[in-house]
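Participant: So the chains spell out like this:
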Amino acid sequence: MKGTPLTMVKTRSRQGGKSGYLLFLLPGVLLFTAVIIIPLIMNIGISFTRWQGIGTPQWVGLEHYERLIHDANFWASFRNILFIIVAMVVVPTLLGLFLAAVLFDYVGKKIGPGTASVFRSGLYLPQVLPVAVTGIVWGWFLNSSTGVFNSILDSIGLGFLAQNWLGDPKWALWSVMFVMVWVQLGYPVVMFMSGLQRVDPELYEAADLDGAGWWQKFTRIAIHLIKPEIYVVLVTTTISALKIFGQIFVLTRGGPGNSTLVPSYFAWQNFFEKFNAGYGAAISTVLTLIIIVLTYVFLRIQTADERRGA
Amino acid sequence: MKKAADKPAKASKPGGLATKTLVLTGLTIFTGLVLAPFLVVLINAFKSSEDYSQGGPLALPTEFYLQGMIDFWNRVEFGEKLWNSFVIAAAVSVLAVIISVLNAYAIGIGRLRGRTAFLMFFLLANLLPQEALVYPLYYLSKQFDLYNTRLMVIIILTAIQAAFGTYLLSSVFRDFPPSLLEAAALDGAGKLRTLLRVVVPTSWPTLSVLFTFFFIWTWNEFFLPLIFLIDNDLQTVPLALAVLQGQREVDITTTAASALLGIVPAVLFFLIFQRTLTRGVMSGAVK
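Note that the protein sequences, when read in sequence, are chains A and B. At position 132 of the first sequence (counting the first as 1) the number is 132 in UniProt numbering, and the numbers step up by one without a gap. At position 275 of the second sequence (counting the first as 1) the number is 275 in UniProt numbering, and the numbers step up by one without a gap.
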């Protein structure tokens, strides 16, 4: 990979030279500059101004960031995100590990891989729905007066348990969390099942000879070998939890009060409902920073871990 | 695979059958509960309002009532929404695959200097919250007369999907067999020819996975159409459904009918692309 001597550049540039590849990068670079880099920089710029989207932005320095620190809605939105992370990352990963192990190690090997993949597809199906449709379906199920949940409770004589699932601040966040577990579960199951395929059966047989039980084989062998998949699932689901917008928009619009408010909905509100572009930009800049830092930390942990493993 | 064949022998020891039944029953109930919402939507989409108010959400329809769905279809001009969604999803996935291939060719095979930095950039571009771009894009689109056009949504989503595509494809191309490239070079093929005649045909399976992902992600996209597609006749399927739901006079059976019409295309893609999707999730995991 050493640099090509100057004299060779001319002759090689048509065929093997590296500079020729730059041309292929051109359309991508132009597109990314226009759609990602410039808007991102503009957004950071806007966050230091007071601006309604028309007229001249007025420079206010760090005012919006200061306001954020004292804004109860901002803190509520991050508190809620922690709950959403439990619903989208923690629960699906743990439940997904268990289901993938049962499906792959038990159902796949003792009953048949076909049966296992039928279950896998069934669990994955909620993942393919548009978020808007998920929101509509669950909005109807959880509706207080006409909802399916309450009418099931009624019909089995448990009517006293019926709640205004999405309209009561006590229940709204839990209801959203429940929906998100339903949406997310299939993703780790599919990922972990594909990871388990890499496990060498001979490792299991060796463990069998040592008298290891299923649980020991799972925790000592399988989990270690599918670590790359676990990392991918943790990173991608954490980031999509931080970015959650559609389901909140369709199900609760952040309410009641701020009980299901999340940062991206909060930013959207400031942009398009309150015409406070500067404040919205500050919220989304903070969210972006958090995502970048988290990604960096995850990647560092992962590479450190891979090095230790190697 | 041969190893797996002698496993059932072990399973038939005492208690094996009982465990098997227990596990299967448990899994069936659990998966059934996950799928129950689909079933509830299906049976209610074919009920009249009277039928619903008499039998509740869990009863089977007493007659095969199609009028609710037909009314809904006409009311939101569902055919037009399907077409909008299709045009946007198809354009984005074709364009994003092309851009991803070009980028990844330069980064993965061309081994450009600073490729790690490029890769980190593309990864981040995909991870960014859309809120961090949307307001400037909204403003710029108005300046350039692109606001409220499908083209604007196509441009933005192409960039976002291609960021992911570049990230994934670059690592695939990094392991591209050098012998194939050398053979092409010996035949006197230039870079463009090598790309079109050697690299693209060889990596066709990966590209089709990428295409599938882009298509479905774009189809399901909600945030950008919400902001950029204001006119009724430009809206996509998810957007039309959500907007209709916002008008509160909608009755339950219409909700069910609309949900079913939103679910059907997604499930169809899922069935058609199922193999590609699982393959894609797998290759995505290892990279």
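Simulated from the structure, these hints should not be mistaken for lab results. Worth double-checking, as some hints may not be accurate.
Coverage of chain B stretches by chain A, computed from C-beta distances (three or more under 8 Å per stretch; other residues unrestricted) [stated by the list, open to error]: (1) 37-45; (2) 63-71; (3) 136-150; (4) 155-167; (5) 206-212.
The calculated label-pair distances, taken between Cβ atoms and stated as ranges, are [unchecked claim]: (6) A/209 x B/187: 47 to 57 Å; (7) A/57 x B/114: 30 to 40 Å; (8) B/26 x A/155: 19 to 29 Å; (9) A/57 x B/149: 58 to 68 Å.
Glycine residues also receive a C-beta, built at the ideal position from the N, C-alpha and C atoms.
Participant: For every hint, state whether the structure bears it out.
Facilitator: So, going through the hints one by one against the coordinates:
Counting residues of the stretch 37-45 of chain B whose beta-carbon sits less than 8 Å from any beta-carbon of chain A gives 4, enough to reach three: the coverage restraint holds. Figure legend: the stretch 63-71 of chain B, annotated as covered by chain A; annotation inconsistent (0 residues with Cβ-Cβ distances under 8 Å, at least 3 required). Only when three residues or more bring their CB closer than 8 Å to a CB of chain A does the claim for the stretch 136-150 of chain B stand; here the count is 5, and the claim holds. Taking a C-beta to C-beta cut-off of 8 Å, the stretch 155-167 of chain B contributes 8 residues in contact with chain A, enough for the three needed, and the coverage statement holds.
Coverage of the stretch 206-212 of chain B by chain A is violated [criterion: at least 3 residues with CB-CB distance below 8 Å; count 0]. For residue 209 of chain A and residue 187 of chain B, the hinted distance range of 47 to 57 Å is satisfied, since their beta carbons lie about 54 Å from each other. For the pair residue 57 of chain A and residue 114 of chain B, the supplied restraint of 30 to 40 Å holds, since their beta-carbon distance comes to about 34 Å. At roughly 25 Å, the beta carbons of residue 26 of chain B and residue 155 of chain A sit within the given window of 19 to 29 Å.
In this structure the hint that residue 57 of chain A and residue 149 of chain B lie 58 to 68 Å apart at CB is violated, the actual value being about 25 Å.
Hints 2, 5, 9, counting from the list given before, are not met by this structure.
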